[in-house]
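For the protein sequence lines, the chains are A and B, in the order given. Using this note's numbering, you'd call the opening residue of the first sequence number 1 and step up by one each time. Using this note's numbering, you'd call the opening residue of the second sequence number 1 and step up by one each time.
None of these hints come from the bench; they were simulated from the model. These numbers were taken from a predicted model, which means no experiment stands behind them. Every residue, glycine too, gets a C-beta built ideally from N, C-alpha and C. Do not rely on the hints blindly, as some may be mistaken.
Stated by the list, open to error - Cβ pair distances, simulated, as ranges:
#, chain 1, residue 1, chain 2, residue 2, range
1, B, Thr98, A, Gly202, 31 to 37 Å
2, A, Gly202, B, Thr138, 33 to 39 Å
3, A, Asp214, B, Asp24, 35 to 41 Å
4, B, Asp126, A, Pro33, 30 to 36 Å
5, B, Asp5, A, Glu127, 23 to 29 Å
6, A, Val171, B, Asp5, 38 to 44 Å
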Amino acid sequence: MTQIPEDRLLAYFEGALGAEDARALAERLPDEPQARALLEVWARQNAAITALYAPVAEEPVPERLLAVTRRRPPTIATPAPLLRIAAMLGLLALGGAGGWLAADLRPDAPRALAEAAIAAHETYVVEVIHPVEVEATQAAHLTGWISNRLGHSIAPPDFAALGFRLMGGRVLPGDTGAAALFMYEDDLGRRVTLYVAPETGGAQTAFQFAEQGDMQSFYWMDGTLNYAVVGDIPRDALRRIALAAYDQLI
Amino acid sequence: MTLLDEIEAAIPALRRYAHGLIGDRDAADDLVQDCLERAVAKRHHWRRDGPARAWMFRILLNCHRDNLRRRPRHLTAVEDLAVEPALPGDQEAHLALTEVQAAIAALPHDQREALLLVALDGMSFDEAAATLGIPKGTLMSRLGRAREKLRVQTGRERPARPTPKRQTP
């Protein structure tokens, strides 16, 4: 058996040891034939992996891939300031006549999203017996079922690193079709929910924050789906959960 | 350098990584295309909290996992792929590439993702752990297990056991 622990040897091999530790380990190597042999095996593995897959990176990038970054699709990241001002000035009162503006000029859509998410949260978070429809223990069923109902592939994000574990989820009626509600709980019994609803207008927004009584919500729209994280926990904790959700749902 | 330029600059590395993840070159480029479409569509959501390259890798991995979820049969098929240990003694200087390829394809997804970020893309432990969204310790154990499986499946005897060789003067 090698006397150098394997994880330490691996850290040395990958260049993850500090300079001093690396030097100390290297000095022991002449007396450690097994460690040296393992280092050789790993080096051969790297050589094989490089030989197998690296050449692709040297080839010209196919046209179809370059086309994606070069065609610059028209997007509405956030409503253009002028449009927002126009909306504030009451041009929206033109109503149905301006149907072609609908995707850009729905200043109420994000707020409706937050309200729906908070209403769903308040309805179900107090449930003791049936807080969720499908429990997290049936993870595959939960993901498949909700993805089917929403028409988008959605897996509940994992907030375990933030102390919240998934309890399960349910399907709800929403303004734009079936919506999903995932519920999470921490060791103190505090619950947060993630509301996901399809977006029919293609609207995109950055992170926004809303408060209603004790309830707080971070919400955003990414053009195909709308998301809202709701909870009665400190705003910063809720923001971290929303960021984790965002990262896992891109 | 605009974000679109940065996205474009990452394409070769993304193709290389996708090729390692999937094996099949066309399917790998399909995955990269999905990733690029998603990145371009969501570029206004990029939070500039790190290099765009790392963000692209995260998106690629998410696209890859979405595909795996949609095709669970594929997932089983890969995991069950049996690899015959190579016959000993036929390779010293380098490993037979087809064996390594098969052994990589037989790794559990999380181990393959970790191994290729480090061994192929050259990411540091910290970068790879951040890209995968896992603690550094978890990354190291995945990497260790992946390398061990690779070693066993490519027919290398463990260089362990005290050898009597030293006794010969």
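Hints, verified against the model:
no. : hint                            : in the structure
1   : B:Thr98 / A:Gly202: 31 to 37 Å  : violated, 47 Å
2   : A:Gly202 / B:Thr138: 33 to 39 Å : holds, 38 Å
3   : A:Asp214 / B:Asp24: 35 to 41 Å  : violated, 52 Å
4   : B:Asp126 / A:Pro33: 30 to 36 Å  : holds, 31 Å
5   : B:Asp5 / A:Glu127: 23 to 29 Å   : violated, 50 Å
6   : A:Val171 / B:Asp5: 38 to 44 Å   : holds, 42 Å
Checked against the numbered hints listed earlier, the structure breaks hints 1, 3, 5; every other hint is satisfied.
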